[in-house]
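**Q** The primary structure of each chain is shown beneath.
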Amino acid sequence: MTFHTEYLWFNTEKRREFLNITRKVEDIVAASGIREGMALVSAMHITAGVWVNDAESGLLADIDEWLERLAPYDLEGYRHHRTGEDNGDAHLKNLLVHHQVILPITGGRPDMGPWQQVYYAEFDGRRRKRVIVKVMGE
Amino acid sequence: MTFHTEYLWFNTEKRREFLNITRKVEDIVAASGIREGMALVSAMHITAGVWVNDAESGLLADIDEWLERLAPYDLEGYRHHRTGEDNGDAHLKNLLVHHQVILPITGGRPDMGPWQQVYYAEFDGRRRKRVIVKVMGE
Amino acid sequence: MTFHTEYLWFNTEKRREFLNITRKVEDIVAASGIREGMALVSAMHITAGVWVNDAESGLLADIDEWLERLAPYDLEGYRHHRTGEDNGDAHLKNLLVHHQVILPITGGRPDMGPWQQVYYAEFDGRRRKRVIVKVMGE
Numbered sequence: 013m014t015f016h017t018e019y020l021w022f023n024t025e026k027r028r029e030f031l032n033i034t035r036k037v038e039d040i041v042a043a044s045g046i047r048e049g050m051a052l053v054s055a056m057h058i059t060a061g062v063w064v065n066d067a068e069s070g071l072l073a074d075i076d077e078w079l080e081r082l083a084p085y086d087l088e089g090y091r092h093h094r095t096g097e098d099n100g101d102a103h104l105k106n107l108l109v110h111h112q113v114i115l116p117i118t119g120g121r122p123d124m125g126p127w128q129q130v131y132y133a134e135f136d137g138r139r140r141k142r143v144i145v146k147v148m149g150e
Numbered sequence: 013m014t015f016h017t018e019y020l021w022f023n024t025e026k027r028r029e030f031l032n033i034t035r036k037v038e039d040i041v042a043a044s045g046i047r048e049g050m051a052l053v054s055a056m057h058i059t060a061g062v063w064v065n066d067a068e069s070g071l072l073a074d075i076d077e078w079l080e081r082l083a084p085y086d087l088e089g090y091r092h093h094r095t096g097e098d099n100g101d102a103h104l105k106n107l108l109v110h111h112q113v114i115l116p117i118t119g120g121r122p123d124m125g126p127w128q129q130v131y132y133a134e135f136d137g138r139r140r141k142r143v144i145v146k147v148m149g150e
Numbered sequence: 013m014t015f016h017t018e019y020l021w022f023n024t025e026k027r028r029e030f031l032n033i034t035r036k037v038e039d040i041v042a043a044s045g046i047r048e049g050m051a052l053v054s055a056m057h058i059t060a061g062v063w064v065n066d067a068e069s070g071l072l073a074d075i076d077e078w079l080e081r082l083a084p085y086d087l088e089g090y091r092h093h094r095t096g097e098d099n100g101d102a103h104l105k106n107l108l109v110h111h112q113v114i115l116p117i118t119g120g121r122p123d124m125g126p127w128q129q130v131y132y133a134e135f136d137g138r139r140r141k142r143v144i145v146k147v148m149g150e
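Protein chains in written order, with the working numbering: chain A, 13 to 150; chain B, 13 to 150; chain C, 13 to 150.
The hints are simulated quantities; they were obtained by calculation from the structure and are not laboratory data. Just so we're clear, the structure is a prediction, and the values are computed from it rather than from any experiment. Cβ coordinates follow ideal geometry from the N, Cα and C atoms, glycine included. Be careful, since some hints might not be right.
Unchecked claim - Using C-beta positions, here's what the derived DEER-type ranges look like:
no., chain 1, residue 1, chain 2, residue 2, range
1, C, Arg35, A, Gly119, 39 to 49 Å
2, B, Asp86, C, Glu88, 21 to 31 Å
3, B, Arg91, A, Arg35, 21 to 31 Å
4, C, Glu150, B, Arg81, 38 to 48 Å
5, B, Asp86, C, Arg47, 48 to 58 Å
6, B, Arg138, A, Glu150, 31 to 41 Å
7, C, Arg94, B, Arg27, 20 to 30 Å
8, B, Glu150, C, Ala67, 29 to 39 Å
9, A, Arg138, C, Ala67, 19 to 29 Å
10, B, Asp86, C, Met13, 42 to 52 Å
11, B, Asp39, C, Arg142, 20 to 30 Å
What the hints assert, rightly or not - Chain A regions said to be covered by chain C (calculated; three or more residues, Cβ under 8 Å):
no., segment
12, 53-66
13, 100-113
Start from the sequences, fold in the hints, and give me the full structure.
**A** If you want it as structure tokens, here you go:
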């Protein structure tokens, strides 16, 4: 059994940004040498998500607008901001999209559908944050 | 360590349909011979979900209505439709319910609560789509 | 390969309650002796969730209010209640926040960010319910 762990660091320019990390994850799976198993891709922060969806710019704008509708940025609206924070919305967006995915690995590669791409979703950026990628298998 | 991978294919008659796949997953776990481990059940599409919840027809209708309220079908409303697609809502529903679950396996069976059933949630059907089931353990 | 399984039982006083179970999960990981691998933390009920987020009381109140807005308690509003139940909202909240997380384990400990805490989210309490923690690794 092999375990291979790497960390991806991000520091986005904008508060909210969605980054396609499929290639980076594929490279880590390749580096692990694992042929059969799973790769966990998990945000190490509570104001960022990881999802699998389409790499289509219109859809990414739709997702951003939709998340803003369901969990709006609102300086006045959250009790959490009494702590001095302004990112209550980012915590809710994290809960909504989930902070992690598992990629199955078959034949040495992520076993994904043709349109499935892995995204890091930053909801409170402009500082260094990271994602753990842990590959486990044989 | 054993790895056992199967693919379930679906082609629903309706655009949206929720299918109880618990028995199929149990059969795959049994076929794997694995006594201890986990089974990943993961949609290979970005317009379908997998969840664990109740097999109760009233609730399934409630879920459908609720998803339609939070992420409505809307031909005009999504930038994604400029690509020629009409399934923007299905992408959002996928993000909302998540596209995968992990079932723990204990004593050769999925170790689930008495009411937990595994569902494939089709949000853009009437074509062949699939789910990967990867069982990993000993 | 080692597999270590424990069950956490809960019986909350209130209908909805969010419990920080990070310490309990850390203790189970320590008891497993596993240095590298993953821990699955998964609710065995369809009206409870498990999430990773902040241990901040204002935010927890924000989350409760937000979930109540997106999936409200409503005695009249759900078809599911024709079965005699009154917990339709709890099923939807479960779908929204997801019922499980995977914690990566590195060096014998959950490999989490500094603010990440594991929560059991009860949406229909005042009775005995449980969570499975299955640790898998070496």
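**Q** It remains to establish, for every hint, whether it holds in the given structure.
**A** Hint by hint, here is what the structure shows:
Roughly 40 Å separates the CB atoms of Arg35 (chain C) and Gly119 (chain A), a value that falls within the hinted 39 to 49 Å. Between Asp86 (chain B) and Glu88 (chain C) the beta carbons are some 27 Å apart, a value that agrees with the proposed interval 21 to 31 Å. Between Arg91 (chain B) and Arg35 (chain A) the C-beta distance comes to about 24 Å, which sits within the given range of 21 to 31 Å. Here the CB-CB span from Glu150 (chain C) to Arg81 (chain B) is close to 46 Å, well matched to the stated 38 to 48 Å.
Under the hint 48 to 58 Å, the C-beta atoms of Asp86 (chain B) and Arg47 (chain C), about 50 Å apart, fit the expected range. Roughly 39 Å separates the CB atoms of Arg138 (chain B) and Glu150 (chain A), a value that falls within the hinted 31 to 41 Å. A C-beta distance of roughly 25 Å is found between Arg94 (chain C) and Arg27 (chain B), which places it inside the suggested range of 20 to 30 Å. The hint said 29 to 39 Å for the Cβ distance between Glu150 (chain B) and Ala67 (chain C), and at roughly 36 Å that hint holds.
At roughly 24 Å, the beta-carbon separation of Arg138 (chain A) and Ala67 (chain C) lies within the given 19 to 29 Å, and the hint holds. Asp86 (chain B) and Met13 (chain C) have their C-beta atoms about 48 Å apart, which keeps the hinted 42 to 52 Å range intact. The beta-carbon spacing between Asp39 (chain B) and Arg142 (chain C), approximately 26 Å, falls within the hinted interval of 20 to 30 Å. Proximity of the segment 53-66 of chain A to chain C, defined as three or more residues with a beta carbon under 8 Å from a beta carbon of that chain, is established by the 5 residues found.
Check result for the segment 100-113 of chain A against chain C: holds, 9 residues qualifying (beta carbon to beta carbon below 8 Å, three or more required).
Of the numbered hints listed earlier, not one is contradicted by the structure.
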